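Student: Residue numbers (this note's numbering): 431 to 1220.
No lab work stands behind these hints: they were computed from the structure.
Being a predicted model, the structure only gives us computed values, none of them experimental.
Mixed in with the good hints there might be a few duds.
[Said to hold, decoys possible] The following label-pair restraints were derived from C-beta to C-beta distances:
1. D1136 with P474: 43 to 49 Å
2. M1048 with L480: 51 to 57 Å
3. L1088 with A973: 38 to 44 Å
4. E1168 with R1098: 27 to 33 Å
5. P912 with A642: 41 to 47 Å
[What the hints assert, rightly or not] The calculated DSS-like cross-link candidates involving lysine-lysine, where the alpha carbons are at most 30 Å apart (straight line), are:
6. K1118 with K1065
7. K1085 with K1118
8. K536 with K577
9. K645 with K536
10. K1065 with K1085
11. K536 with K498
12. K1153 with K1118
13. K498 with K699
14. K533 with K699
15. K498 with K645
16. K498 with K577
17. K577 with K645
18. K577 with K533
19. K536 with K851
20. K989 with K940
21. K1051 with K1065
22. K1153 with K1065
23. K498 with K1085
24. K1184 with K1118
25. K645 with K1065
26. K1184 with K1197
27. K1051 with K1085
28. K533 with K1217
29. K1153 with K1184
30. K699 with K851
31. K536 with K1065
32. K699 with K759
33. K533 with K645
34. K772 with K759
35. K1184 with K1217
36. K1051 with K989
37. K1217 with K1197
All C-beta atoms in this analysis are idealised placements derived from N, C-alpha and C, irrespective of residue type, glycine included.
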Amino acid sequence: MSQKRSSRKNQAQGSRTDKPGAPANNRRRSRLWLFRLFAAVLLPVLLLILLEGALRLAGYGYATGLFKRMRIGQEEFLVENDQFSLRFFPPELARTPGPIRMKPHKQAGTYRIFILGESAAMGDPEPAYGAGRYMEALLRERFPEAKFEVINVAFTAINSNVILPIARDCAGQEGDLWIIYMGNNEMVGPFGAATVFGLQSPPLGLVRLGLALQKTRLGQLLMAVGRQVRGKSAGPASWGGMQMFLGNQVPPNDPRKERTYRNFQQNLKDILRIGRTSGAQVLLNTVAVNLKDCPPFASVGQASRLSAEQRGRLEELLAQARTMEGAGKFAQACSNYEAAAKLDAQSAETEYRWGNCLLRRERVEGRGSNGGDGAEASKASGSPALLLARQQFQQACDLDALPFRADSRINGLIAEAAREKRADQAVRAPITLFDAAGWFATNSPLRLAGNETFYEHVHFNFDGNYRLGLAWAEQASRLLPPALTNHCATNWMAQEVCERRLGLTDWNRKNVFDGMVRRMRQPPLSAQSNNELRTAELESQIARFRLHMDAAGAEQARKIYLESIQRWPDDYTLHENFATFLVASGDVPGAAAQWNVVRGMIPQDYLADFRLGELLAMQGKLEEALVSLRGAIAKRPFASDPWFNIGQIHFDQGKLELAYNDFSHAHRLRPQEPEYLYEMGRCLVLLKRGGEAVELFREAIRINPDYWQARDGLAGQLALEGKISEAKAEFAEVIRLEPRYARAHLNLGVALLKQGDAGAAAVEFEKTVSLEPTNQIAREYLRQAQKARR
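Please work from the sequences and hints to get the whole structure.
Tutor: Below is the structure:
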């Protein structure tokens, strides 16, 4: 009994003795877990924070916002951040926003409009005459007591994955109206199904995580390292326009397209939510494209899945259809194309040709004339054949394996998003849907948008931009607060008057059309079945512009600019347009003065320094030109053109080593530009390094076989090396490409004379003299050739 009590007592004492030590053990265990947590989580986070801070202190990386602050004169402005797009593009392919000059806080009485979208919304090929510029001019004239501020934040090659961050940055900038016109680049832009800029159609969560990480300097460093590891094989080495995408064709049923549609749908919903919660009214547009006159860029049908017998039948039907089409037998051609489409329902080219034949058949039979009006035109445009033609043209667009145009699915998602947001009453500002695609179709011949509206596939010509700008202005006018509409003009400005306000002269028109002709001669546009016809129409327009480009026309154009600048003196785009006109009309000093004005207004933009450098060099002010061109490089280090122009100046000064280095720098920035290689080769020839020059000339020709200057350089060097047969072949190619180049005829004649063919040589010398009557060398060679023939 006593032992039991003793045992219990000892147990009780032991128990009381253990209790004071228990909390200490718990504290030790807690500290151990805290240390483990710190070592596993907090320490790495702290190290990452320290590394991020160190990178920022060292000046590494770039700001990711669309806007940055800048003092211009005595005022603070928000301007574009030209590094904004580096999160979405490799540096060598990066596209940049256009110039922006906006006060951080909107002035009283100002109505601020943001335009969000891609190159069509930007106004490509010449933003100075884009729809936004027409809209701004129309609103200013209709409501003279209001102040309209149009900020166009659209730019080339982007899509909804880029426009969403742009929308976030615009949300805090006191916008009154957002105009959203996007959808053409959804497949080819960043993270699209056919993109060349990185991952294709990844999950949206992964896209957003990657973009969020790149807002940090550490994320930017990791991305740069990743690109370095992948090397040049990961994508194009430099910007190559639409040609870059030729190898990224997407079949109609490719699952990547479906993921891209889903991502677009969610991005659009988020953009609309951000716009409306910012307090801005939103004008959302469907996207108009060229259906009638733009064949598909690539066609990936199902022929490979057919049996040998079916493939043979398909080829036979298509061959017969083309024969009938060429013979003008459009009814028979339509029947064959219809039968072919039943065998291969995913051929974009077949659908387009079928639609085109239906259209041509209606025209031949008098039911689809572009002329006529009223009830007759309405009846014609509603015929069953034309309704079917419109369906086939739309189907051809939807099946296009190089999807550079918004298809019916994209426009359907846009309309659906507008309906959903209008039904949502939880947000502050209303949304308006403008069916631009339907509006252009309704107001086009045969209710099919085509070349009367577009230059090529999606970019509006002057008429198309005016019509879209007018439609936007009409929509905006309905949304204006009453205080801004108390005093307004009765009617909208006519197109001709509007274009006078914008400084659109025949010199500027020709400049734009020249650029479009060059574009039409590049793939994939050059491979389209009607390319020759469309290019010829552009060239005929240029010829018509030239008819008015005389001294009297130049004086009238100058007056137009002076009147417009007096009306809107702070419009830097007007000054740019005036400078373009002055250069084209031969007033180089006047153009330089205008670019000086532009540089003062938007000093962040490299283009003013670059253009000024060009013009100073043209005037022989080489040292001043170098200063200006180096200023352009300081503002945009990845621009190749300033380096090239510096190289030209050094070449003209006889500083060949410097010139070669400058051209080499330009080449590193744009490896696919043959002109840079050619100029490097010219330097090497004069530096007595002919063997290296030959390789550069050959590389330039490989990039562009039609670049005749490189062939001329190669031929000259081959002739010096005694390789007369090879030189002769190259000189002949130069003449084929540039028949009026006198020196090529002369050099070919010399090569022929050396080979003993005096008769053929004499012909070339005669051509030289006909092109250059004062060329005494050619006349002397001609005498020698004639003597040798006798």
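Student: Each hint: holds or not?
Tutor: Here is what the structure says about each hint:
1. For the pair D1136 and P474, the beta carbons lie near 57 Å from each other, so the given range of 43 to 49 Å is not met.
2. Range check, M1048 to L480: about 53 Å between beta-carbon atoms, so the 51 to 57 Å window is met.
3. At about 42 Å, the beta-carbon gap between L1088 and A973 stays in the expected band of 38 to 44 Å.
4. At about 29 Å, the CB distance of E1168 to R1098 agrees with the hint of 27 to 33 Å.
5. At roughly 42 Å, the beta carbons of P912 and A642 sit within the given window of 41 to 47 Å.
6. For the hint pairing K1118 with K1065, the CA-to-CA distance comes to about 36 Å; that exceeds 30 Å, so the pair is violated.
7. The suggested pairing of K1085 with K1118 holds, with an alpha-carbon distance near 14 Å, which does not exceed 30 Å.
8. The hinted pair formed by K536 and K577 meets the criterion: a straight-line CA distance of about 11 Å does not exceed 30 Å.
9. Distance hint between K645 and K536 is fulfilled; the C-alpha atoms sit about 28 Å from each other, no more than 30 Å.
10. For the hint linking K1065 to K1085, the alpha-carbon distance of about 25 Å falls within 30 Å, and the restraint holds.
11. Between K536 and K498 the alpha-carbon distance is near 16 Å, which keeps this suggested pair within the 30 Å criterion.
12. About 17 Å separates the Cα atoms of K1153 and K1118, which keeps this hinted pair within 30 Å; it holds.
13. A distance of roughly 27 Å separates the Cα atoms of K498 and K699; the hinted pair therefore holds under the 30 Å criterion.
14. Our distance criterion of 30 Å between C-alpha atoms is met by K533 and K699, whose separation comes to about 29 Å.
15. For the hint linking K498 to K645, the alpha-carbon distance of about 15 Å falls within 30 Å, and the restraint holds.
16. Distance hint between K498 and K577 is fulfilled; the C-alpha atoms sit about 23 Å from each other, no more than 30 Å.
17. Taking the CA atoms of K577 and K645, the gap is near 35 Å; set against the 30 Å cutoff, the hint is violated.
18. Between K577 and K533, the direct Cα distance comes to roughly 13 Å. Compliance with the 30 Å bound is thereby established for this hinted pair.
19. Of the pairs offered as hints, the one joining K536 and K851 holds, with about 27 Å between alpha carbons and a cut-off of 30 Å not exceeded.
20. Distance hint between K989 and K940 is fulfilled; the C-alpha atoms sit about 19 Å from each other, no more than 30 Å.
21. A C-alpha spacing of about 22 Å is found between K1051 and K1065, which places the hinted pair at or below 30 Å, so the restraint holds.
22. As the CA atoms of K1153 and K1065 are separated by approximately 46 Å, the hinted pair breaks the 30 Å bound.
23. Between K498 and K1085 the alpha-carbon distance is near 39 Å, which puts this suggested pair outside the 30 Å criterion.
24. Proximity of K1184 to K1118 is assessed by CA-CA distance (about 24 Å); at most 30 Å being required, the pair is judged to hold.
25. Of the supplied pair hints, the one linking K645 and K1065 holds, its CA atoms being roughly 22 Å apart against a limit of 30 Å.
26. For the given pair, K1184 sits about 18 Å from K1197 by alpha-carbon distance, which is consistent with the 30 Å threshold.
27. Annotation: proposed proximity of K1051 to K1085 holds, straight-line Cα distance about 16 Å (limit 30 Å).
28. Note on K533 and K1217: the hinted pairing is violated, with a Cα-Cα distance of about 78 Å set against a maximum of 30 Å.
29. A C-alpha spacing of about 11 Å is found between K1153 and K1184, which places the hinted pair at or below 30 Å, so the restraint holds.
30. For a cut-off of 30 Å, the pair hint linking K699 to K851 stands: about 8 Å separates their Cα positions.
31. Taking the CA atoms of K536 and K1065, the gap is about 27 Å. The hint holds against a cut of 30 Å.
32. A C-alpha spacing of about 49 Å is found between K699 and K759, which places the hinted pair above 30 Å, so the restraint is violated.
33. For the suggested pair K533 and K645, the alpha carbons sit about 25 Å apart, so the restraint of at most 30 Å is met.
34. Between the alpha carbons of K772 and K759 the distance comes to roughly 21 Å, so the proposed pair stays at or under 30 Å and holds.
35. Between K1184 and K1217, the direct Cα distance comes to roughly 14 Å. Compliance with the 30 Å bound is thereby established for this hinted pair.
36. Proximity of K1051 to K989 is assessed by CA-CA distance (about 29 Å); at most 30 Å being required, the pair is judged to hold.
37. Distance restraint check for K1217 and K1197: the Cα-Cα separation of roughly 18 Å lies within the 30 Å cut-off, and the hinted pair is therefore satisfied.
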